[in-house]
Amino acid sequence: MTDLPAPAPRQSLIARAIDSDIFYSFRRSKLTMVAAAIVAVLLLLALFAPLFVVQDPFDPRQLELINSRISPLWTADGQRPFLLGTDEQGRDIFSAILYGMRVSLAVGALGVAFAAVLGIGLGLIAGYVGGAVDTLIMRIADVQLTFPAILIALLIDGVVKSALGNHLDASTTLLVLVVAIGLSFWVQYARTVRGSVMVEKNRDYVAAAQLIGLPARVIMLRHVLPNTMGPILVIATINLALAIITEATLSFLGSGMPDAMPSLGTLIRIGNNYLFSGEWWVVAFPGIALASLILSINLLGDWLRDALNPKLR
Amino acid sequence: MLAFILRRALQSVGVMLAVGVISFAMFRFAGDPVNQMVALDTSEAQRAEIRASLGLNDPVPLQFARYFIDAAQFKFGVSYQFRQPVSMLLKERMPATLELATCATVLAMGFGILLGIYSALRRDSFLTKVLQAVSLIGISLPTFLIGILLIYLFSVILGWLPSFGRGEVVKFGWWSTGLLTVSGLKALIMPSITLGLFQMTLIMRLVRAEMLEVLRTDYIRFARARGLTTRAIHFGHALKNTLVPVITVAGLQFGSVIAFAIITETVFQWPGMGLLFVQAVQNVDIPIMAAYLLVVSLIFVTINLIVDILYTVVDPRLRATVGRAA
Amino acid sequence: MVEPVLSVRNLRVEFANRRGVLVAIDGVSFDIAKGEVLGVVGESGAGKSVTGLAAIGLIDAPGRIAGGEIYLSGLRIDNLSPDAMRRIRGKRIGMIFQDPLTSLNPLYRIGDQLVETIRTHLNLNETAARKRAIDLLAEVGIPAPEKRIDAYPHEFSGGMRQRVVIALAICAEPELIIADEPTTALDVSVQAQIIALIKRLGRDHGTAVMLVTHDMGVIAETSDRVAVMYSGRIAEIGPVRDVVQNPLHPYARGLMGAIPTLAGDASKRLVQIPGSMPRLSAIPTGCAFNPRCDFAFERCRIERPEPIRVGAQAVACHLYDRAATESAA
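Chains as they are written, first to last, in this note's numbering: chain R, 1 to 313; chain S, 1 to 326; chain A, 1 to 329.
Read the hints as simulated data drawn from the structure, not as lab findings.
Here a beta-carbon is modelled for each residue, glycine too, at the ideal position from N, C-alpha and C.
Treat each hint with caution, since some may be false.
Covered by chain R, according to a simulated footprint, are these stretches of chain S (three or more residues, beta-carbon under 8 Å) [to be verified]:
id, stretch
1, 84-97
2, 289-301
Here are the computed lysine to any residue pairs in the SDA-like style, where the Cα-Cα straight-line distance is at most 25 Å [what the hints assert, rightly or not]:
id, chain 1, residue 1, chain 2, residue 2
3, A, K91, S, R231
4, S, K240, A, P106
5, S, K186, R, G278
6, S, K240, A, L280
7, S, K129, A, P62
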């Protein structure tokens, strides 16, 4: 039995962030600051989209065919108020991007949250209960890890569709996507949490807590879990980018968000059809929006990983 | 050594069994197979007859056994959309996917390793910084966006390369290849780049990180202290030690290349298994989905097994421990 | 006077980091003659290993040799081109590192590593090089060398691996061997064998040896002369017998007092030096040892002591300067 001290008392993430070198490294890295600024701007734009748009792109009554296929404002045929032009239904691309980003971010964030809750839960159970339960959960994790998330998400999507019928309404599709993404990404959380539970379980302070009669789940939730928050946060950030890519890919493949409530991926799929007729802006701007969103989140994730735990690579 | 291979092979069979169960569950329980096969006006009696002929009234374990035995012989049932045996459809589409995946992997490995070595050895050069930036963008850009970008550039604006299809193919028995015609090769260029780019950036970053790590080790310092030439140290000692872990990752990547081919094949309308699968998902064609899952899993598991064995062959330390454990 | 094999003059090594420049070695001078073993002793961080690395030209960025000269049998080597220095490494200077477990490339047979090194420096064909490799393995005491030559490093024990490392270091008959803590990572029983081996090789081939260690016992057993380093400077240097039996520098006295002797008076407690060596970023002015020194006086806190000859020894301590001036007066 090693006589290791119990981990430092819990600190809120904010206190730890300001306390540590993180803040310092953040101000040092210009690239990270630019990335953070881009993420902040895109988040605000998406969150308050109704304030910035010229029309509700999801409301067919607001679309007028007379406004269709207008090129961006700075080109010869540009027209106010369509900053980035319109598609063939007269939908303003800028407005569609803002609303599409809302959908993309919502699916991504909810998917990651679902994956995290599922993974943390299963990881805690596997680590704490051990035995056959542990073996079962981790075997499933091993097998699943062999397959790329996109394939799993596609399969889940297909199965759900065949169970619920092929024509779902937009919000149900959104939910299906969240579940599909959550089920594709839980493994990493489970592995991380299980690892720390295994380490902490044998520490003296846990034995001491058991002696004074604290129930196991309290020990797990109040002592073990907080210690894993750093790595979890890093995984979640990087996974957010992956989840957004996955959603966009599913939508691009036609298995994601429907045209009636398009995400960025859907917009790109629609725009792709007009590539050859010269209306490049229909696909280009959603593409740029998606790429800059993912790139910025990835940069933030990279920085967070280095700052929180240099060893986690 | 032999015991190790056997144990790994057994694990692989276990994985395949698990995938088989999932695949069977999808096939049997997701949607009603009979409903998918008959017209709306088919009578209840006829439906029952089909149900019986498909063996759907038998106990589930028996059905599973039958499904598994069939699957082991590559009998995957009939596609709902095409009314053709799934195995035939897959066989027809497989050469396209395998050719694409192989080209992409060769591309990714070749350039990934070269650029990785370069950026590890010339850590501060301008090109290295550019490569690092590009690789971050490469990881952040979704595959389909890269495909669209390439199509816009080389098909729409320049008109150099075809934007869809495989071009002319030559048949060898059931295998069709696009490698022997000019149009086939031209058609292969953009899809291969699209599919390989992500893997390339991954391999490049891995090789760079590994090589930097190896260059810091004691045996490299000792090699320098012995006065070996820089070339011998970098390309003999360091490279060999770098490539051992890279082999594993690169091998496993081939599996995900096949899965990622789904996206590339959709962008370029490449007539491979991936496109077949995407269409199956859209049209809820369960037999194709289940069969695709099985076939791709088989490829994955086989590659995993080969990589594991290869790993022990390359690394004498592992060979020893494995030998001792056996 | 016979030219020394290694002559280090006023060496200064600096490491640049974010906060500024750290001076790891500052004004170190010493000679090693043919067939002589110079022990370099000191706490970790005293600059022993850096001195060795500087001599073989393996100080890597952000470190650099910032001053002084290094001569190998009269040839100045600290300013040679990288390729010229590479030709000297392994051929005229051999180096042995601390950890035999990590010094050998695990993926290559030891024979291949030997043959590669031999053929880099000597104009031999594959067969002749292999023959020489087998002879070398025999010389360093590897049993059945003609069989073991095709083994991988992990198939050897730690002591055997260090023998292989030594064979690699001497495969071109270097004039100088730099051994950096060659026994620290080994079992005590094996340490003596390796020390004996290095000593024998030095004697048989007339090789000069620079033996870096923190173990005074090893030095007392092997070395002809010893240099005691502290905070990047040589505190005292002289014949090993004199320094061990009659250490002059207060730090050296503490160091010698810290060696338990079998014959020693059991009632006499081991001397401990209070405090620890300063970090490179916080070396005190004057004598670096003054905060820990029982004899420190005003001058020690202001002026850095330079080496002073006392008999066969040289000591960097103001105590002896005062003695000199007083006796002169």
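Cross-check of the supplied hints:
| no. | hint | in the structure |
| --- | --- | --- |
| 1 | 84-97 | violated (count 0) |
| 2 | 289-301 | holds (count 6) |
| 3 | A/K91 - S/R231 | holds, 18 Å |
| 4 | S/K240 - A/P106 | holds, 10 Å |
| 5 | S/K186 - R/G278 | holds, 23 Å |
| 6 | S/K240 - A/L280 | violated, 37 Å |
| 7 | S/K129 - A/P62 | holds, 20 Å |
Of the numbered hints stated above, those contradicted by the structure are hints 1 and 6, listed in ascending order.
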